[in-house]
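Student: In case you want the letters, here they are:
2 protein chains.
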Amino acid sequence: MKATVHVMLKPGVLDPQGEAVRHALGALGFAGVASVRQGKVIELDLSGEDRAAAEDAVRKMCEKLLANTVIETYHIEIA
Amino acid sequence: MKATVHVMLKPGVLDPQGEAVRHALGALGFAGVASVRQGKVIELDLSGEDRAAAEDAVRKMCEKLLANTVIETYHIEIA
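Here the protein sequences line up with chains A and B, keeping their order. Numbered according to our numbering, the first sequence spans residues 80 to 158. Numbered according to our numbering, the second sequence spans residues 80 to 158.
Quick caveat, the hints were computed from the structure, so don't treat them as lab data. Quick caveat, the model's predicted, so the values are computed rather than measured. Glycine included, C-beta positions come from ideal geometry on N, C-alpha and C. A few of these clues could be false.
As the list claims (entries may be wrong) - Restraint-style ranges between C-beta atoms, simulated for each label pair: (1) A:Leu107 / B:Ala131: 27 to 33 Å; (2) A:Glu142 / B:Ala131: 37 to 43 Å; (3) A:His154 / B:Asp124: 28 to 34 Å; (4) A:Ile150 / B:His154: 23 to 29 Å; (5) B:Ser114 / A:Leu107: 31 to 37 Å; (6) B:Ser114 / A:Ala132: 16 to 22 Å; (7) A:Ser126 / B:Asn147: 27 to 33 Å; (8) A:Gly127 / B:Gly127: 41 to 47 Å; (9) A:Ala113 / B:Asn147: 33 to 39 Å; (10) A:Gln96 / B:Thr148: 19 to 25 Å; (11) B:Lys139 / A:Asp129: 41 to 47 Å; (12) A:Ala158 / B:Ile150: 22 to 28 Å.
Use the sequences and the hints to build the structure in full.
Tutor: As C-alpha cells, then:
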C-alpha cells in the first residue's frame with residue numbers, strides 16, 4: 080500500500096525557501112508570481128492491506144516524525 | 080490562480096533523505112515501511128486567468144529552476 084504525505088508550513092509562518100524561489104523566478108523574468116510556498120512530499124511504501132490501519136499508522140508517523148505540528152500542517156493520501 | 084508543483088527524484092536515483100526517514104521510522108517502532116521517497120511540493124500564486132498560459136509558464140519555471148530534470152520528475156496541477 081502506498082501513502083503520500085504532504086507537509087506544508089502553516090499560513091503565517093515565514094517561508095524563506097519559498098521567498099527565495101519567488102525572488103529567483105522574478106530574476107529569471109517570470110512576472111506575475113505573487114507568492115510561493117514550499118513544502119515536502121513523502122511517499123511511503125507500506126506492507127499490509129488494511130487501509131484504515133495504514134492511515135492510522137501514517138498519522139502517528141506524521142505526529143512523531145514527519146511533521147512539526149507547531150508550524151506545519153500535513154495531509155495524508157492512501158492509494 | 081494557484082499552481083501546485085510536485086518534484087520527485089526519478090526512480091533509481093538514490094534518495095538519502097528518504098532513506099534516513101525510513102531508518103528513523105524503524106527506530107521509532109514503525110514496522111512495515113518498505114521504502115520512503117521524499118520530494119518537494121511548491122505552491123505558486125499566479126496572477127492572470129488563462130489556465131493554459133499559466134500551465135505553460137509553470138512548465139517553463141520547472142525546466143529552468145524548480146526541478147533538476149536530469150534526476151527529478153515534476154508534475155503540475157493548476158487549480
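Student: Each of the hints needs a verdict: does it hold here or not?
Tutor: Evaluation of the provided hints:
1. In this structure the supplied range 27 to 33 Å is violated for A:Leu107 paired with B:Ala131, their Cβ-Cβ distance being about 21 Å.
2. Checked against the given bound of 37 to 43 Å, the beta carbons of A:Glu142 and B:Ala131, roughly 40 Å apart, stay inside it.
3. At about 19 Å, the beta-carbon gap between A:His154 and B:Asp124 misses the expected band of 28 to 34 Å.
4. A hinted range of 23 to 29 Å holds for the C-beta pair A:Ile150 and B:His154, which are about 26 Å apart.
5. The given range of 31 to 37 Å is respected by B:Ser114 and A:Leu107, whose C-beta atoms sit roughly 34 Å from each other.
6. Range check, B:Ser114 to A:Ala132: Cβ separation about 19 Å, and the 16 to 22 Å hint holds.
7. At about 31 Å, the CB distance of A:Ser126 to B:Asn147 agrees with the hint of 27 to 33 Å.
8. Checked against the hint of 41 to 47 Å, the pair A:Gly127 and B:Gly127 passes, with Cβ atoms roughly 45 Å apart.
9. Distance hint for A:Ala113 and B:Asn147: a CB-CB separation of about 25 Å, inconsistent with the stated range 33 to 39 Å.
10. Under the hint 19 to 25 Å, the C-beta atoms of A:Gln96 and B:Thr148, about 20 Å apart, fit the expected range.
11. Between B:Lys139 and A:Asp129 the C-beta distance comes to about 43 Å, which sits within the given range of 41 to 47 Å.
12. The given range of 22 to 28 Å is respected by A:Ala158 and B:Ile150, whose C-beta atoms sit roughly 24 Å from each other.
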